[in-house]
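Protein chains in written order, with my numbering: chain Y, 291 to 705; chain X, 221 to 322.
If you are wondering where the hints come from, they were derived from the structure by calculation, not from laboratory data. A portion of the hints provided could be inaccurate.
Partial selection, computed: residues in chain Y whose CB lies under 7 Å from chain X [stated by the list, open to error]:
id, residue
1, Val390
2, Asn391
3, Arg392
4, Ile395
5, Glu411
6, Thr413
7, Ala425
8, Thr429
9, Thr432
10, Val437
11, Gly441
12, Met443
13, Lys446
14, Glu467
Only pairs whose alpha carbons sit at most 16 Å apart, straight line, appear in this in silico EDC-like list of lysine to aspartate or glutamate [claimed, not checked]:
id, chain 1, residue 1, chain 2, residue 2
15, Y, Lys447, X, Asp315
16, X, Lys310, Y, Asp512
17, Y, Lys397, X, Glu225
18, X, Lys310, Y, Glu511
19, Y, Lys397, X, Glu224
20, Y, Lys625, Y, Glu705
21, Y, Lys625, Y, Asp653
22, X, Lys289, Y, Glu325
23, Y, Lys685, Y, Asp642
24, Y, Lys612, Y, Glu382
Every residue, glycine too, gets a C-beta built ideally from N, C-alpha and C.
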Amino acid sequence: MNKYDVVVIGGGPAGIAAAVAAHKQKAKVFLIEREARLGGILKQCIHDGFGLIRFKEKLSGPEYVERYIDMLNQTSVEAVTLTFVSDIKQVEGGYTLTLVNRNGISKIFGKTIVLATGCRERTAKQVLIQGTRPAGVFTAGTAQYYVNILGKMPTKKCVILGSGDIGLIMARRLTLEGAKVEGVYEVKPTPSGLTRNIVQCLHDFDIPLHLSHTVTKVFGEDRLEAVEVAEVDEKMNIKEGTQRKIECDALILSVGLIPENEVAYSLDIPLDRCTKGPTVDQTFMTMREGIFSCGNALHVNDLVDYVSEGGEIAGENAAVYKNKERKLIDIKTDKNFLYIVPQKIDINAPIDKIKIYFRSIKDFDNTKFIVSVDGKVIMTKKYAHLRPPEMESVKLDLSKETLNESSVILLTLEE
Amino acid sequence: MSAEERDKLIKQNPAYGEIVCRCEEISKGEILDALNSPIPVYALDAIKRRVRPGMGRCQGGFCSPLVMKILAEHKGVKVEEITKANQQSKVLLGDTKGAQER
Numbered sequence: 291m292n293k294y295d296v297v298v299i300g301g302g303p304a305g306i307a308a309a310v311a312a313h314k315q316k317a318k319v320f321l322i323e324r325e326a327r328l329g330g331i332l333k334q335c336i337h338d339g340f341g342l343i344r345f346k347e348k349l350s351g352p353e354y355v356e357r358y359i360d361m362l363n364q365t366s367v368e369a370v371t372l373t374f375v376s377d378i379k380q381v382e383g384g385y386t387l388t389l390v391n392r393n394g395i396s397k398i399f400g401k402t403i404v405l406a407t408g409c410r411e412r413t414a415k416q417v418l419i420q421g422t423r424p425a426g427v428f429t430a431g432t433a434q435y436y437v438n439i440l441g442k443m444p445t446k447k448c449v450i451l452g453s454g455d456i457g458l459i460m461a462r463r464l465t466l467e468g469a470k471v472e473g474v475y476e477v478k479p480t481p482s483g484l485t486r487n488i489v490q491c492l493h494d495f496d497i498p499l500h501l502s503h504t505v506t507k508v509f510g511e512d513r514l515e516a517v518e519v520a521e522v523d524e525k526m527n528i529k530e531g532t533q534r535k536i537e538c539d540a541l542i543l544s545v546g547l548i549p550e551n552e553v554a555y556s557l558d559i560p561l562d563r564c565t566k567g568p569t570v571d572q573t574f575m576t577m578r579e580g581i582f583s584c585g586n587a588l589h590v591n592d593l594v595d596y597v598s599e600g601g602e603i604a605g606e607n608a609a610v611y612k613n614k615e616r617k618l619i620d621i622k623t624d625k626n627f628l629y630i631v632p633q634k635i636d637i638n639a640p641i642d643k644i645k646i647y648f649r650s651i652k653d654f655d656n657t658k659f660i661v662s663v664d665g666k667v668i669m670t671k672k673y674a675h676l677r678p679p680e681m682e683s684v685k686l687d688l689s690k691e692t693l694n695e696s697s698v699i700l701l702t703l704e705e
Numbered sequence: 221m222s223a224e225e226r227d228k229l230i231k232q233n234p235a236y237g238e239i240v241c242r243c244e245e246i247s248k249g250e251i252l253d254a255l256n257s258p259i260p261v262y263a264l265d266a267i268k269r270r271v272r273p274g275m276g277r278c279q280g281g282f283c284s285p286l287v288m289k290i291l292a293e294h295k296g297v298k299v300e301e302i303t304k305a306n307q308q309s310k311v312l313l314g315d316t317k318g319a320q321e322r
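Chain X with its partners taken away, still in its complex shape:
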């Protein structure tokens, strides 16, 4: 895609200009596209296979929390509901003490 085409797409949908995965240069818009597709996927590995965030040199070290937040927001659930692969592969196990008090 040329810079002009990409610029046009971002102007239509700014989420394409928000880079979530720096290693593979994947935007929030691309992840949302996968979630809005006919067969949406709400697991980290599934999104990784579709769009590639987490496939690069940092192996998701920086982007996996951001991807989890995007998935949770889109699905309307708490971030700990988002799993790595199937529903038993929980990534997070609930709130910290401080978060429980809030």
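Chain Y extracted, bound-state conformation:
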């Protein structure tokens, strides 16, 4: 059985960055990708805007990931594609992974594992729309695959439910391909996607965005023929009398992404209720020794630049991992946070360069982000705007603080 210091599961932007970073730390690395080619979801993201932070350039998804594949090709990392991890077992000093591919079943050993399995889309089943089940109901990512990879049109006239980024991108993409996007309907009173996508994908193409609206019914036996939309009140209950029927041939759903953590479930790794990814410390190690998590499997990011950064944190730490005891303390937050990553700090690991990622629970203007340790303020940062769809990150240095297991690290947002 081949043995590795670091086994990375997932060959998208997070996994490749993790593999390259682990290799830089002189680790022997194995990278496993399920699909035929590396790159993950970026393969179908032909729009621009990737890499503004990393490369100070506006790249398309394939261009961005090509740069990382080039870096990977200059390392001795062994990468396999069309290979599926079917089982992981804990053994002395690490884990045994069972792999399935066209050559058969094989096993490898990894001292550590980096989970970089990305996320999946929330489906029609999870938004409870009444009516028939005709062809023509797509998640935005699947519609994107049909258009950008297969070169096929899934619709001529559609309604988009949800204002997530992929839905906004697809509103523009389908319009450019000659389809009519009747409108984007968002159940919440605020959009879910990035402001730049609302402007560049909807406003610039005169596609209406209907906030506090949802799709209530689907019509059509074979192919979708119409949908019913309605306005909702602040409790998200349908306002009677506002229902309206729209003739169209497709309903495209952009109603959220869920970190893909089947492998983590199988290993009983505790997940965070808010992120739906594993709970991690500042090294991105999960609550299971030697198993790390990064990218959209850890929490759904809005920019790939942060995905690459997170991959590097996980890969680097997996490479230098020594099985020594952790001393974990929780990072506490007030009620103004939607979530934070990491959720814990290991005071036995380096604490001078901690990267904290967070989202606010609602829109804030002119707010102050405050970090305190045992009641003493150690850092503040001002934000002109905080929006839940736009993730923020801060660097935190705790090396000057005397921390023990009963220390209280608290993050607050001042209104």
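With the hints as your guide, set chain X onto chain Y.
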């Protein structure tokens, strides 16, 4: 099936080692078996009921384009000829502009 038996099957037919539906762990080989059976089925829902791709947590989000490609290739038709259930339930409505030009 034990890992050894599965390994043997894949060595005989590598398509059994190509996982198409990650949620239900369904291989291309299993889908091809359903297509080569005495009563072949060429619709997404039909294949789903026989072999289970698309039954899992992503509800076909990742695998339905791949399954459609396998069905189209096996039948020797364009991918837009493959339907969801009966022949009127078209999934795709023709080429994009770029694909038309090629």
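Against the earlier hints, flag every one the structure doesn't satisfy and list their numbers going up. none
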